[in-house]
Every structure is written in C-alpha cells, then in structure tokens.
Amino acid sequence: MFRYLAKRAATYIFMIFLTTSAGYFLAVSSLKPALLEQEKIPRPTPEQVAASMRLKGLDPDLSPWERYVDWLTAILTRWDWGRSPNGAFINAEFGDRVWISTRLFLASIVLTLIIGVALGVYSAARQYKFQDRVITSYSYLAYIVPAPIAYFLVQLAAIRINESVGQRIFFVTGISTPGMEPGWGQFVDMMAHYAVPTTAITLVGWGSYQIAQRQYLLDNVNADFVRTARAKGLTRNQAISRHALRVSFIPVAQSIAFTIPAIFAGGFFAEKIFAWPGIGSWSIDAIGNQDVNAATATLAYGSMIFALGAILADFATSLVDPRVRVS
Amino acid sequence: MSIETPGSAVLSVRDLGVRFNSENGVVNAVRGVNFDVMPGKTLGIVGESGSGKSVTSMAVMGLLPTTAEITGSVRLNGTELLGLSDKAMCRYRGKDIAMVFQDPLSSLTPVYTVGTQIVEALTIHNPTMSKLAKEARAVELLAMVGIPSPKDRLKAFPHEFSGGMRQRVMIAIAIANNPRVLIADEPTTALDVTIQAQVLEVLQTAQQETGAAVVMITHDLGVVAGIADDIMVMYAGKPVETGTVEDIYYNPRMPYTMGLLGAVPRVDVGEKSSLVPIDGVPPNLLFEPTGCSFAPRCPLVTDACLDGEPALLKSPGSAAHHAACIRSGELGGDADAREIFHAPPVPVSRFDRIPREERKTVLQLTDVRKHFPLLKGALIKRKVGTVKAVDGLSFDIREGECFSIVGESGSGKTTTLLEIMEFHKDQDGEVVIGGISNKQAADAKTKSAMRKELQMVFQDPTGALDPRFTVYEVLAEPLENLGMARPEIRKRIMELMRLVGLQPDHVNRFPNQFSGGQRQRIGIARALAVNPKLVVLDEPVSALDVSVQAGVINLLDKLRAELGLSYLMVAHDLSVVRHISNRVAVMYLGKIVEIGDVDSVFDRPRHPYTRSLLSAIPVPDPQVERNRERIILQGDLPSPLDAPKGCNFASRCPVFAALPEAKQQKCLSTEPPLMPVPASPPGNIADQQFACFFPDGELDSEMVVSHEDPVVRAP
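Top line first, the protein sequences correspond to chains A and B. Per the working numbering, numbering through the first sequence is continuous, rising by one, with the last residue being 327. Per the working numbering, numbering through the second sequence is continuous, rising by one, with the last residue being 1042.
One thing to keep in mind: the hints can contain errors.
[Claimed, not checked] Chain B stretches covered by chain A per the calculated footprint, using a threshold of three residues with CB under 8 Å from any CB of chain A:
| # | segment |
| --- | --- |
| 1 | 426-437 |
| 2 | 445-454 |
[Claimed, not checked] One side of the interface only, derived from the structure: several residues of chain A facing chain B at Cβ under 7 Å:
| # | residue |
| --- | --- |
| 3 | T228 |
| 4 | G233 |
| 5 | P322 |
[Unchecked claim] For lysine-lysine, the following DSS-like pairs were computed, each having C-alpha atoms within a straight-line distance of at most 25 Å:
| # | chain 1 | residue 1 | chain 2 | residue 2 |
| --- | --- | --- | --- | --- |
| 6 | A | K129 | B | K414 |
| 7 | B | K687 | B | K414 |
| 8 | B | K972 | B | K993 |
| 9 | B | K818 | B | K710 |
| 10 | B | K414 | B | K478 |
| 11 | A | K7 | B | K715 |
| 12 | B | K641 | B | K710 |
| 13 | B | K715 | B | K461 |
| 14 | B | K993 | A | K7 |
If you are wondering where the hints come from, they were derived from the structure by calculation, not from laboratory data. Even glycine gets a Cβ: it sits at the ideal position worked out from N, Cα and C.
Could you build all of it, start to finish, from the sequences and the hints given here?
What follows is the structure in structure tokens.
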C-alpha cells in the first residue's frame, strides 16, 4: 500500500511539475504587469516601472527562461512562490485563501455526497413512482439552472426569511463579523455566515450524484447476482440493499473523488457571490491583474487537488471493489 | 392428461400460465404447463429460446417481476406457492426449492467472497446456527462440489475463479440447505464441453447427496439424455410432448420433437446424412393461437391442425407418454424425421472424387506463432512472461474440403484465425493463401488480391451486420470495392440471395427484420459475394437455435459442394464439426495435439486430450449416455504461463497420472512431436497424426466415470 502511494505520488508530482511549468511559461509570456503599472497617475517612467518590478522579482527585461529558472529556484530552495505586482507575497496570500475556500466548500461537499447518494438509492427503489419523479426532476433542474442564478435565489430566500422574522438571522455575504469575542456568540455568528453559502452549494450540487447513483443502482437491480441472492431466500429489497447497492456504488465512488477538483474549479461564482475571497476568485483576479506568480500558484494548486482526487478515486474504488487491488 | 397429483410428487405444477404486458400487447409466455417431479428423480425441460422454459422455472421460484400475471398452481409438498408474497416465498426459496442459473460469470456478487455468499444462504434459513458451524458447512459444501483446498478458497472472490468453478459454487449455494427441489436453468450452456462434463457430474453428486428432485432446463438434447428420467418438450410456451426419456428419444410422437432430434448432429456417428431442418420461425406469442402453434412449420400440417389447439393426449405405448398432435397416432417409432421434414440429399462435391493429394492447396500455414508478452508495471513495463497463444502451427487446406479446429476456449483457435486474417509480412511463420504468401504481402494490391480469395463468416450474426445498412448495401459493399458496375452488382446480389435461400425481394430490408438464422445467411452471402476460394467460419452456428442451426449447416454443406469452396472452421461443438468437416485439428494451449481425417480422429482418437474431449460430449441417446465410460478431466485449462517444458497436457492428462515415474519424466522434459498413426494394413498411410508418447497408456481410474444403469431398459 505504501509503495503504491509513493509510486503514485511520484507520478503525480512529476505531472504537477509539468503542468505548472507549462502554465508559468504561458503566463510569463502573455501577462505583462508593467503595462498596467503605466496606467497609474502620475504615470511612472518605464525605468521606474522596471525598477519596481525588478524589486519584486518580476523583471520584464529578463527572458522567460531566466525568469523561470529564478522562480523555480526560489520555490525549490526557499518554498517562495514569488510576489504579486502590488508587492504582496504569494505564500501569505495563498495560505489565507486556501483556508477560506476549504471552509466554504468542505461542509457542502460532504452534505452533497450524503444527500445525493441517499436520494439516488431512495429514488431508484421507487423507480417511476411519484417520489422518484419529483426527486429526479429536481436534479435535472439543478443541472440546468446556472449556478450563479441558483445562488442568488437562495440569497433572496434568506433575505426574505430575515425580513419576515424582522431580524437578521442569516448573513448572505461575508465570512464573519469582525470584532466578535470568542465563545458562543462567535459560534452563532459563524453559523449565520455559513448557512446560506453551504445551503446554496449543496442544493445545486447533489443533483448529479442523485442521477448517477439512481442510474447505476437501476442497472444492477435486475443483475443476475441479485436474482441469485433472491433465490437464496432474500426478499427483493434485502437482495438489492445487500448486493446491488455496493456494486452500484463502485462507479459513484470513483466519480465522487474526481468531482472534488471540479467543485474547486467552479468555486469562482460562489466565492464572488457570497464574497468569500478564496482561491477560485483569486485565480480569475490574477489574470486581470497580470499577476504571473499568483496565476501559476493557483494552477499548481488546481493540479495538486486533481492529483489528490485521482489518488482518492483509486482508494475509494479499491475499498469497495475487491477486483481492484492497489499494488 | 393426468391432472391428479401423485401423492409422492414433491413439486406439482398445474395449468401454469404466465402473461407479460409489453409495449406491443400481452405476451403469453407460458400456457398450460403441467408437471410433477418425484424426489430423487430428474425432469428435463427441453425447448428452444422463447419456448417459455426459463419463464416456467422463474414462475415456480417466484422470481418473475411483479408485472407478470401468473395463473394456475404450483405446489411444493402440497403447499401452494403461487400468490405468496415475496416475503412469504422467502421461507421456501433457497431452503426447500433452490436454483442454479445459466451464466456463472454474472450470477455471483463480485464484491463478496465465495465464503460470505455461501454462509449467507445458510444464515437466512438457520439464524441460530453458530458462525463456526456455518463455516464448517461451507467448507463441506465446497469440498462436495469438488473445489480443491476448500478452506482457503472460502476467502476467494468470484473473479478469482474460472467459469466452471463459479458454477460449482452456485451449486454449493443451491444445495446448502438440502433443498427438496433443485432447478437448474441451462447450467452448462456457458461452459466448455470438458467443464460441462465436470459440472454435470457435480450436479448428479449433489442430487445423490440431497435426494432432491431436479428440474433440468436445457436446449441441448444431449445434456439431458443421460441424466433425466422424464422429459417435457416445450414449444411456444406450451408443453407439446411429455414422457420418459425413452419415449421421447426413441418413440417421439410429435413432429417438433422428431425435428429437434433429427436436427442435432451426432458426434458418435460417422455416416454422412443431412440434418433435419425445421423451416420458419417460432410463432409470435402476442396472439393466442387458434390452431396448433407448430402448424406453420410442420410438414404434416392438415386443415384440421389449424382448427383449435391440440390438447396433450395420451399416446399409444408407454403410460406416461403424452403428445399434443392430432396425427401422433400415425407417427410411430418407425417414422423417419428426415423423410417427414424433407431433409435435402447429401450434397456431393466435384472434388470428393479426386484424391486429396491431387487437389490444389488453398491455404498453407507453416510454423505460425503468436506470442504475447505479459507485461507488468504502470509506467515502465517489464516483461514477466510470454503467453504462447499460437505456438508453431502448420497445416494446409485443399480445394473443396472443410478443415476444422477444435479445442477448449483459450486453446488458441481464434488467435489462429486472426493470424490468418492479419496476413502481414512481419508475422512469425508463413501464411500462403491461394498462392500468395504473407512474406510478399507488401503492398495493398497483393492484400486485396488475398481478400478476394478468403472471406470470413462471424459468430454473432447480429453484431456482424451494420444495423443501418439494408441487405442490399451489406452485399453491395464488397462488390463496389472490386469496382463492379451497378447493374452487375444488382444481378449478383439477386443471385446471392437465392443461393443462400433468402427471398430476393427482401434486399431492401434491414438486418433487424430477419431472424437469427436468416441473418447468418446474410453473413454467408456477404462472404460469398466476391467468389472466394476459402471461407473462414468462426463458430458459424453457435449463436443459433438447434432447429435453425440445422438449416444453416445444410446450407454450408450445399455451398461447399456446389461452389467447390473450402472451409476453415472454428467450433466448440464437436458434433457440428464431425458432421461438416473432412479434416480436423485438435488444439491444446496453442499447439496441435492431433490432426487428421475427421472419421479417423473421432472414431480412433489417439491423443488422451482428444479422447477426453470426445468423451465429454453428451450424445442425444439415453442408452448410450447411461452406459458409456467418460473421462472427466480435472480442473480447467491451465494458464499458458504455467505450461510445462515437455507436453502441455501433462498437468491434466489421464494417461500421465497413471504412468510410472520414469515415463512421466519423459512427458515432462520432452515435447512430443506430431507423429503419424501407424497404418493398420501396412502400406496404406492413414491421414492422422498425434503428439503423445504413450497413447496406449492406461487411464487413471479416478478420472474415468461410468454410470452403469442396473436396470437395462428396452428402447
């Protein structure tokens, strides 16, 4: 198991290195922060701009290759991912934002999975009945409605609740109220901030799992081995829950692990709408700000999350399917 | 019809009917099925696909979907089972009445160990049994069905077992609670003949151990001949003839039964005669028949046959014999099915009179090899072994002859065909087709010249035809490639349609508008379009029902004679091979172990593997089946990786097992070459070669099984 992990990790580190390097070259040759600098008033001279860029390690006069070598050396020797054109340090900024993104999505990912898979099983057991039709129709609707609109609708609903109660129960934007004393009050404040984004992301997210789980389970309820289980003396429902369920979970387990990075990538809208400044919005802003180092750092983070997802998928599959052995 | 239930019957089915609602209307899948099974006895239910035999068994087990409408009565020891809820039925399912299904590969849950699945069957019906006791019982069961080192195997997952082993596990699960009735639905159809023989042995052992009544469902008249006591023949959802095995096999009273028996080629009969073809297709079950449902296909049909469905009436002779035919009185034991069904005369080819040596060679293989490297590792592959799929194959095919390759799955038959079709100069070994060698096949022109000489007919006629091509387009494609002009193509297609026995005005239909047998005829017509000399047949009839199969085999035989074709056939059904071939090669793990004239090889097999293969094939003759000795090979085809240095077959050989040590060493260290059989009258060279050092060695007694019947029953 450990050897497998080490082997897998080595492969993925190599792949992350490749994508990140390629991303760096793309960024360094297309993003020109110096141009943005020249739009400042009073307009600095080109020499001043170059000097200020050089101070931050973003020397526009060096060739892309030289800058790449400098950048890579800094990471490998000092774990220093460089600076933004505005002078901020990537490492510090990155830490804050990863934490914000993780907090925003972690709870919703867990809820999405549990609700999606549970509803998938429930609706498969009641195929074409009223409950199944309602649940599955909802899932398709959640598929179709663009995520930002759904988030807005949830925000509006939260505001409506606040208004009807006549008191601000939910915060529709922001992470926390500044200046809260640690203790019960802070906890309530945190919950009030978490509730709306978590609900919104979960409501939009579970549809795909519900559809997948329902489909895979239905593929298996008439499988030969379920018939064997019934021939042994299990009722239909017992045979399905003991035999078909676990088999149908194999492809779902794999897709779960792979969608985690997808949720991260799609996080931009949620972060913007709920005003949680995480990685997703940072990666878009970095391009607008001609920020080479931030853009590359978010790309590296994306690759890493994806690699983690792939390893998780292998693990999840080998956990539920004895035919797959990691070695 | 005996409606009264004999007191001793453990399972009594009365007037069982099953109807399904489909998009096209109500399907009458089963109508008026009656049978009784006595403890320790075996009932065989025989019929083609769609005859309702599986639906009958599922109805008895209560496993049909809730949308099925089931009428009649199913009594188990006097208790009515029909109408019980799923939950109430669970008290009987798996305890008093158990079932073995057709496809062992998909019938076990892939994510649980074999032990867990056997123990589950015990737990359901014996909740108080201790864990240790259940485990001990599971080990006992696995040992009973012949799984070596059963204790360790409990922890194995189904995918670690071969098909035959999985079917043994299925049988172990079925007999776990000593059922009174064991239903086996085509238990050996998906298995190789050697494995089929093993599994049938296990089923018989299981029956002896439990004393259960067995209901054996099959389409193969050979499989039930030896083990059944009574037979019920089903057609279009209804029993059309019932009786003891002797009644059915020696004295059939219903034209359909006679046709079925005549449609099966016999592996033990060398005399050449055409098979009995049953024209037409089984009826549509959407409509309640107004007359005999077999009437449209029956050669003896009269107007009276169309007037009301004939009842299952007592036949003259045996007490248990019933047939649903108004003319059954006229059909005695002396009626000849071949005559009734107008079997075509045996076709004679113009090449049959010319000695083999004087005929031209159409295909020659010299030392053809195909080795697959076995790789391991994720990024950097390293070679850990070689799979010798085909290892030094040489044979030739002359004009007008049919050459067949037989062997178990995994023996390299299909790889051989693929190597011939590949026809590339980098291949290991030489393939010469119609005088063109693969070593010169550099340009596309030579290749297309070769393709004109050799065409292929595939196993699955449905998969081999593009569903969006009309028959005309299917047949026109190879002709267009040849650059034939449009009017000529049209003429040729009409000619081809008539040649394969299809109506020429059906050319604008799509493949799904034809039956399986007709689709295979289209496949044959497509192969013949360019006038090839050699047709490669890859299991040409294995996907077809028996009655349809006979027609296609007769057609192949006729075409060979009329057009002077040569065939290279791969088939697992040795009866078919015997019927149609002139020469045969037996393959084992990539090598030919015996080759020669089909009658010499089948009547006087020399190699122990050929002998085992032949003895594993059930013959549709109850007396022969009951009294013959059978070699039951141990285990499965070994992995080609473990092939020993000497003879490949040593690990399973019944002769090897009984040899003294010194001789065994020879088998293990030296590879036996193909040697000609010494001619019996000297000077007359027999066309038969085999690769074995000790063909006359004694057989190991443990591998020889005979079921001698104490009471000799008269036919």
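Quiz item: Three or more residues of the segment 426-437 of chain B near chain A by CB distance under 8 Å?
Solution: holds (count 8)
Quiz prompt | Satisfaction of hint between K715/B and K7/A, Cα-Cα up to 25 Å | solution = 31 Å, violated
Practice problem: Would you check the hint for K972/B and K993/B, treating anything up to 25 Å between C-alpha atoms as holding? | Solution: 11 Å, holds
Quiz item: For the segment 445-454 of chain B, do at least 3 residues have a Cβ located nearer than 8 Å to some Cβ of chain A?
Solution: Three-residue rule met by the segment 445-454 of chain B, so holds; n is 4.
Quiz item: Quick one, are K993/B and K7/A close enough, alpha carbons at most 25 Å?
Solution: Distance of about 46 Å is beyond 25 Å: violated.
Quiz item: Does K478/B lie within 25 Å of K414/B when you go C-alpha to C-alpha?
Solution: Violated, at roughly 33 Å.
Quiz prompt | Distance restraint between K687/B and K414/B, which requires alpha-carbon spacing of 25 Å or less | solution = 70 Å, violated
Quiz item: Holds or violated: T228/A as interface residue toward chain B, Cβ cutoff 7 Å?
Solution: 5 Å, holds
Self-check item: Hinted pair K641/B and K710/B, Cα distance within 25 Å
Solution: Cα-Cα ~68 Å, so violated.
Quiz prompt | G233/A as an interface hint toward chain B, with CB separation required under 7 Å | solution = 3 Å, holds
Quiz item: Are the Cα atoms of K715/B and K461/B separated by 25 Å or less?
Solution: 43 Å, violated
Quiz item: For the pair supplied as a hint, K129/A and K414/B, is the alpha-carbon distance within the 25 Å limit?
Solution: 22 Å, holds
Violated hints, in rising order: 7, 9, 10, 11, 12, 13, 14; the structure is consistent with all others.
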